[in-house]
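A.B. asks: Spelled out from the first residue to the last, the chains are:
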Amino acid sequence: MSHPDYEQTYHHHSTLLILVKYLGDELSTKSFNKIFDRINRINYVKFTDGGGVPRNIWARYIKDYPVGNNDWGDFQTHRRLLGLITVGKCKTQVDLNELCRKHESLKVRYNSTLYDTRCVIFGVNDGESTPSYTPPSNFKSRALYFASDGDESAGLEDQISEYISSLFWVLESKRHERSREKIDKVSLLLAPFEKKDFVGLDMESRSNKKRCVGRMTKHLGDLCLQAGLPVDALNHYQAAAETLRSINDLLWLGSACEGLSAASMCVRFPNMHKSQTVQRNTSLQETNKTKTPTSKASSSGSEILEPSSLQLPSLPHNVLSNEEICKTYRESIIHYSKYQHAGVIEVEVCFKAARVAVELNMALQAASFLQNIIFITLTLPEDEKIKKLMTLSDLYGKIGFQRKASFYQRLAATKYVSARNPQTNWDQCYNLMLQSLSGHRLSLDPSDYPAGGNNGWGRLQKQVLQDVVVAAKRVGHSSLATRHMTLLLQVMWSELSPQERHESAQQLQVIAAQCEGSPIPLILDSGLVIPPANLIHIPTAESFVVHKLRSQFQPLKLDKIKEDYGPFLFTPFKFGSLERNTTSKDKLNYLWVAEEECEVKIELTNPLQFELEVSNMRLLTTGVVFETLPLTVTLPPEVQKYVVTLTGTPKEVGELEITGYSTHTLGVKSNCRLKCLPQISHSQFTIEVVPALPYLEATLNIDSTKDQNGSTISLYAGESAECQLVLENFNKGEVELIEISSDCDPSMLSYDLSNLQSQLPMKEGAKITIPLTVFASGNFVNSYPTDTASVKSSLISGTNSFPSLTSLKPGQYDTLTTPTPSFRSGPSSLNSLTSQLTQLKLDHASKGLVECRLKVKYSGKPGIDSGYCRIATVVLNVDVSNSILISNWDVMPAETSSQFYMVLDVMNMTDQEIEVKYTASKSILIEEGEPCRVPIPVDRCPLSKIGKFFQSEDSIKEVVDLNVTCSDHIASLVEVQWEMGERKGKASLKGITLSSHMLDIVRMSPINWEIWVNDLEPNNSTPHIVSIGECIQIRIIAHNSLSRPLTDLSLSVQFFQDYRNGTCNYNLDSRLATSGPSHIHLPVVEELGSAVMECCTVFFNPGQYKMSVQCSSQGRHTWKQMPPVEFDVQDVA
Amino acid sequence: MVADEILLELLHAELVNYVCSNEPKEKEPSGQLNKHCNLSTLEYFGFSTGYKLIERFTKDWSRFKDELDTIKFICTDFWTSIYKKPIDNLRTNHQGVYVLQDRAFRFMAKISNGTQHLDAAPLYIAFTSGLLRGALANLGINSIVTAEVQSMPACKFHIQVPRNQMP
Amino acid sequence: MAVCIAIIGKENAPKYVACTEKDQELDFHYKVHSSLDIIEEKLSATSLTKGTDLREQCLGLLYATEEHKIYGYVTNTKIKIVIVIDANHTGLRDNEIRAMFRKLHGAYADAVCNPFYIPGDPITSKKFCETVHGLLVKS
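Chains as they are written, first to last, in the UniProt record's numbering: chain A, 1 to 1133; chain B, 1 to 167; chain C, 1 to 139.
This is chain A alone, in the form it adopts within the complex (with noise of 0.2 angstroms):
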């Protein structure tokens, strides 16, 4: 026997061998093997023999058959050819015979074991439509006619079937034969290549009789076994076995064992085969992994039923169990082996054995005959070699060890291409290189491979995947081998080391030289697809971010919806849950606007040893229509997160997921998802696109004549100067909206939006310019006094501080309502200036750059319809110098009590000399550091403004607002202008503090006085004209004009002599007598009442008097009548 079947299995010892030929060459191969299937389906046929015993005979249907095989028939009867079918078709006569001659001739080769034949001839001798011939005389086989070889040839089955049983009764018969011989008379059986051996023996002895004995009682094993008489089988094997063991004819014995262990099998399970053929046929069994019954009978339908459930319910006594039929396998295996002729007897029986513990669901015990086959040595050709390797693994899968399986696929692969192999065969290298994949954990398809490193068998597996790469480049895939290399590359790059990447990436690009890579599925021949790798590592991205806009093109909502926050300024409701719930997790919370271009930005790094050049870099993206532009970049050896940025252009409004990149490099087109990068944790990234806006640019036009220095104007204090905003549009859409704010004080800035609007909307390229006053506002007022020293005399001289005010007690309080104390200070604080003139200088320069920022928003179509605007900021620096500083300050009672004279010490802070203009008409030098005291005239606050204040001037604030206002009423009617050459300003008072005493003095007072001497009308303040001794009669009528009662309100009279040079004398006693109150106390004064105090005065000596009134509520204010009374006091002529 030249080769073993490794299709073999113990079922076949229970069946008849019939040899299917197709002859001639009228019949195509195709309708040939129609005819074998329909003949092949015909393998069962079942009788009741004369004993009334059910027989079932199998039929097994072979194309061609050895006649070498056909000399082991005695040895195992199945192996015997006992039947042959040929088929052919014909037109002529000369056809017939052609065809008679060869069945003829076959029917010859296989003589020995034949014990019919049938010949199937097509075309001739059916009917009228086919000619009709004679066949020759000496074709002495039976033909069976049919007219052509389609579905209409209807009686082919019911001939074979009676074919069958033809050769059963001739096998019966032999049967019968065989069992009738007497035990002393049989023949020794004898394996081919035993011959020899038994040349010369003494064929008498004992051992040989029962050599003799054994080997036919074996033999009738066979032959009952394949009449279906597997329970008679079962007894001779059994019988036989013992005799031959007995003896030691241990390869008969081998065969006994083999026959028991199968007619055991074919007694336990009398109908499986019947469902074999199905089994065989379903594909599905190979990728099955499962290997428990159950699964198995429901991978492959319903007519496979579980072993147990086919067995017989009485079984022979003798019928061996599943442990023993193994085990009787395993005996025959190790008896067979002691003959090295045998060893293919040995092959095949170790198949048997296994495909048997398959079914009886025995892994280990399957995987252990299959183990075996490796031992045996046989000398096969390749294509043998591979066939058995093929059905090793076949069944090692059906065992569930796809490892094995693998390994044999890949060892038959190996074959196929051999050097040994005459025809070596790439594709069929390949393909099986492709199945073995499975049993290492490998999968073409990159995502069924884990995230977080491979649990694999890297080893292996890098080999398997780079033999698969080797396969297909043989094959002449190139685009295949590409896309394994790629693969490797992807998913192998943990196991791979770094020179092995350097090679594996060498390697690529000569490959992809060849055939580019892409990122589209492969669909082989076969089927097969190939889903598409991608060089995710080479470059590896470090990171990847989304970047915001710049912030001139981010778009911001236009109208901010009032939200309600609740009472609540912050609460973690808001902030914390809801705001998380309505964002996605991946969202970004910036903004990207349609048409404008937006960046990421990625680091790669490049593992390889070599300059890597990326090119066609893109960003892939699903959502909205997004416009990438592609980069190309060279990344140095080996650089370490090498910044590349990424650009496109969002061409709609919605919502954008940033998935991932997409790559050219090593000739492979790759996309790299972000979900599939190890060090990116993100695996997408969403933002939202806003409708496209326009981008308007605004830039400031200063005027040049100043000192100025980009968007820096310098300015002394006060001074004011002209600029422009110029907007111009650079955007297709045109501005339908703009708003300009300033976050500066509007005293400083102020712009003229007044043609603005005339000037929307605003076409592409359109300039629009809007003039800026810029004006210097200072603080010309020192109202932070540097030292302790002038803290003090500030606090006489009128910068109180309010605190020590109310903690004043009355009494203190009295020696300061003299006339003029803060007059008598003003010298002193001016003492203690020129010390702190030097570090004012510096406090005040210290501030002096301002920063105005401006804020240009606008929107434009189709943005402004969504609610989006942009803002443009433009800043402009106001550089302040100090010109004019207000050093100190006092407050004079006027003339008229309507007014009051402001007094101020100005100081010139430049270093020029300054013309100080602080009233319409009266003007002053002033040298540069030097200071200068004006006194301006100032109308007194009126009572509108601050009449309120006198209610309960209890509380500070009230002390603070009234400071305020009166502070306010006079920086209104103050301005210094001052002038520097060309260059003028003006300075304001604005954030002077006044003490109490100067509030008396600049508020108008509440009180008017109205006072009678000797019944006159109150006029004019000239000299009242009176004599010595004359009783002068003085009533004073002080009104209320407050809106609300004074309470607590004392009147008082006092004469004195003003010498005119500064002093007064008030010690008037030996002068002048006066009757009546000089001092009254009133409780209250009603509001607009008044109070009324009369006296009489009597001058002794003349001369010049004159007489002050004064009024004070609550001991805190006093109010004097302006100017006072003068008497013109004359001898008695």
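Among these hints, one or two may not hold up.
[What the hints assert, rightly or not] Pairwise CB distance ranges, derived in the manner of DEER restraints:
no., chain 1, residue 1, chain 2, residue 2, range
1, A, L378, C, E67, 11 to 21 angstroms
2, A, E542, B, S151, 49 to 59 angstroms
3, B, D60, A, T622, 53 to 63 angstroms
[Claimed, not checked] Mimicking DSBU-like on lysine-lysine, the simulated pairs with C-alpha atoms at most 35 angstroms apart in a straight line are:
no., chain 1, residue 1, chain 2, residue 2
4, A, K675, A, K767
5, B, K84, C, K127
6, A, K462, C, K126
7, C, K10, B, K85
8, A, K990, A, K855
9, A, K385, C, K42
10, C, K126, A, K327
11, B, K65, C, K15
12, C, K103, B, K59
13, A, K46, A, K196
14, C, K127, A, K387
15, A, K338, C, K42
16, A, K91, A, K21
17, A, K385, C, K22
18, C, K10, B, K84
19, A, K327, B, K59
20, A, K327, B, K65
21, B, K85, C, K103
22, B, K72, C, K42
23, B, K84, C, K103
24, A, K174, C, K42
25, C, K126, B, K59
26, C, K103, A, K675
27, C, K127, B, K65
28, A, K387, C, K103
29, A, K462, C, K127
30, C, K22, B, K84
31, A, K210, A, K174
32, A, K675, C, K15
33, B, K59, C, K78
34, B, K59, C, K10
35, C, K78, B, K156
36, C, K42, B, K65
37, A, K641, C, K42
38, C, K10, A, K462
39, C, K22, B, K65
40, C, K103, B, K72
FYI, nobody ran anything at the bench for these hints, they're computed from the structure.
All residues carry an ideal CB built from backbone N, CA and C; glycine is no exception.
Given the coordinates of chain A, assemble chains B and C onto it according to the supplied hints.
C.D. replies: Positioned in the frame of chain A, the structure of chains B and C alone reads:
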């Protein structure tokens, strides 16, 4: 008592203290043990200890027949070698839930009985819960271990093995 | 003495493979890899209930090739240890194999208890390597 028998208890107590004191969150003002202690840290310590320990314990042990067999081993030999006494009571619903009761849990034996220190109990059972989980995980049983203390020093450990993954 | 020793993790990925002949390493990888089929089969529930002998950690001879005999051992924690013996080395008795496995198991348990070892990672312990190489044939 021999010193080496108490070593584990002392070490465990210090472990609890250490984990508590390393807790970055602000402590409760009183000197009481912090309830907000990071129990998962302790549990993780237990897990890795159990995972490694079981490698040694089962070295000379024949393969376990099934899940119940494994749990029985945990209750008897494993428990005894750590806590010097076996689990007092094992119950199961045969659906993957096991309740292991120790009536005198060693780590709580020194805490006064009753309910007064119940709030500190989680600290003293977290390590052991992790120990159980780690031991079982290395034996191929992925489980959820919870513990319950109603009255010290008795303690019940609930082992839940999700049924979808067969052992 | 062994020509190849492999430690295989719970999920059947190798944790440590050492062999005497560097150039045959891949071959050994294949051999050990395919022995996993048999180990898995032996561990499967059906086999476990059939015979009590399989409850032992040592699985004995897994399979033999012309050159090598491959022995398997599975710990209770599903760590597989595979020893490949030269087939010509016939003098080796079963209990010697067992002794080798036990020694390896001990070494593995020690390696796992190393606080710096993360279970599941490949083993790099020096001491473990020494033990393994002590069991390999010197060539």
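A.B. asks: Please go over all the hints and tell whether each is borne out by the structure.
C.D. replies: Checked hints:
A/L378 and C/E67 have their C-beta atoms about 19 angstroms apart, which keeps the hinted 11 to 21 angstroms range intact. Distance hint check for A/E542 and B/S151: the Cβ-Cβ separation is about 56 angstroms, which falls inside the suggested range of 49 to 59 angstroms. Between B/D60 and A/T622 the beta carbon distance is about 58 angstroms. The supplied range of 53 to 63 angstroms therefore holds. Restraint check for A/K675 and A/K767: the C-alpha separation of about 48 angstroms exceeds 35 angstroms, so the hint is violated.
A hinted pair counts as satisfied when its Cα atoms are at most 35 angstroms apart, and B/K84 with C/K127 qualifies at roughly 32 angstroms. The suggested pairing of A/K462 with C/K126 holds, with an alpha-carbon distance near 26 angstroms, which does not exceed 35 angstroms. Annotation: proposed proximity of C/K10 to B/K85 holds, straight-line Cα distance about 31 angstroms (limit 35 angstroms). For the suggested pair A/K990 and A/K855, the alpha carbons sit about 28 angstroms apart, so the restraint of at most 35 angstroms is met.
With a CA separation close to 29 angstroms, the supplied pair A/K385 and C/K42 stays within the 35 angstroms bound. The hinted pair formed by C/K126 and A/K327 fails the criterion: a straight-line CA distance of about 46 angstroms is larger than 35 angstroms. A hinted pair counts as satisfied when its Cα atoms are at most 35 angstroms apart, and B/K65 with C/K15 qualifies at roughly 26 angstroms. With a C-alpha separation of about 10 angstroms, the suggested pairing of C/K103 with B/K59 holds against the 35 angstroms cut-off.
Taken as a hint, the A/K46 and A/K196 pair is broken in the structure, with Cα atoms around 41 angstroms apart against an allowance of 35 angstroms. For the proposed pair C/K127 and A/K387, the alpha carbon gap of about 47 angstroms is over 35 angstroms, so the pair is violated. About 30 angstroms separates the Cα atoms of A/K338 and C/K42, which keeps this hinted pair within 35 angstroms; it holds. Between the alpha carbons of A/K91 and A/K21 the distance comes to roughly 19 angstroms, so the proposed pair stays at or under 35 angstroms and holds.
A distance of roughly 29 angstroms separates the Cα atoms of A/K385 and C/K22; the hinted pair therefore holds under the 35 angstroms criterion. With a CA separation close to 30 angstroms, the supplied pair C/K10 and B/K84 stays within the 35 angstroms bound. A C-alpha spacing of about 34 angstroms is found between A/K327 and B/K59, which places the hinted pair at or below 35 angstroms, so the restraint holds. Among the hinted pairs, A/K327 with B/K65 is consistent with the structure: their alpha-carbon atoms are about 27 angstroms apart, no more than 35 angstroms.
Between B/K85 and C/K103, the direct Cα distance comes to roughly 30 angstroms. Compliance with the 35 angstroms bound is thereby established for this hinted pair. At most 35 angstroms may separate the alpha-carbon atoms for a hinted pair to count; B/K72 and C/K42 meet this at roughly 23 angstroms. For the proposed pair B/K84 and C/K103, the alpha carbon gap of about 28 angstroms is at most 35 angstroms, so the pair holds. With a C-alpha separation of about 47 angstroms, the suggested pair A/K174 and C/K42 falls outside the 35 angstroms cut-off, and the hint is violated.
Restraint check for C/K126 and B/K59: the C-alpha separation of about 21 angstroms stays at or below 35 angstroms, so the hint holds. Restraint check for C/K103 and A/K675: the C-alpha separation of about 44 angstroms exceeds 35 angstroms, so the hint is violated. Under the criterion of a C-alpha separation no larger than 35 angstroms, the hint pairing C/K127 with B/K65 is consistent with the structure, at around 33 angstroms. For a cut-off of 35 angstroms, the pair hint linking A/K387 to C/K103 is broken: about 43 angstroms separates their Cα positions.
Between A/K462 and C/K127 the alpha-carbon distance is near 29 angstroms, which keeps this suggested pair within the 35 angstroms criterion. Taking the CA atoms of C/K22 and B/K84, the gap is near 49 angstroms; set against the 35 angstroms cutoff, the hint is violated. A distance of roughly 22 angstroms separates the Cα atoms of A/K210 and A/K174; the hinted pair therefore holds under the 35 angstroms criterion. Between A/K675 and C/K15, the direct Cα distance comes to roughly 28 angstroms. Compliance with the 35 angstroms bound is thereby established for this hinted pair.
Between B/K59 and C/K78 the CA atoms are separated by roughly 12 angstroms; this keeps the pair inside 35 angstroms, and the hint holds. Under the criterion of a C-alpha separation no larger than 35 angstroms, the hint pairing B/K59 with C/K10 is consistent with the structure, at around 16 angstroms. Restraint check: the Cα-Cα separation between C/K78 and B/K156 comes to about 28 angstroms, which is no more than 35 angstroms; the hinted pair holds. For the proposed pair C/K42 and B/K65, the alpha carbon gap of about 13 angstroms is at most 35 angstroms, so the pair holds.
About 50 angstroms separates the Cα atoms of A/K641 and C/K42, which puts this hinted pair outside 35 angstroms; it is violated. Proximity of C/K10 to A/K462 is assessed by CA-CA distance (about 21 angstroms); at most 35 angstroms being required, the pair is judged to hold. The straight-line distance between the Cα atoms of C/K22 and B/K65 is roughly 39 angstroms, outside the 35 angstroms bound, and the hint therefore fails. Restraint check: the Cα-Cα separation between C/K103 and B/K72 comes to about 27 angstroms, which is no more than 35 angstroms; the hinted pair holds.
The structure does not agree with the numbered hints 4, 10, 13, 14, 24, 26, 28, 30, 37 and 39 stated previously, though it agrees with the rest.
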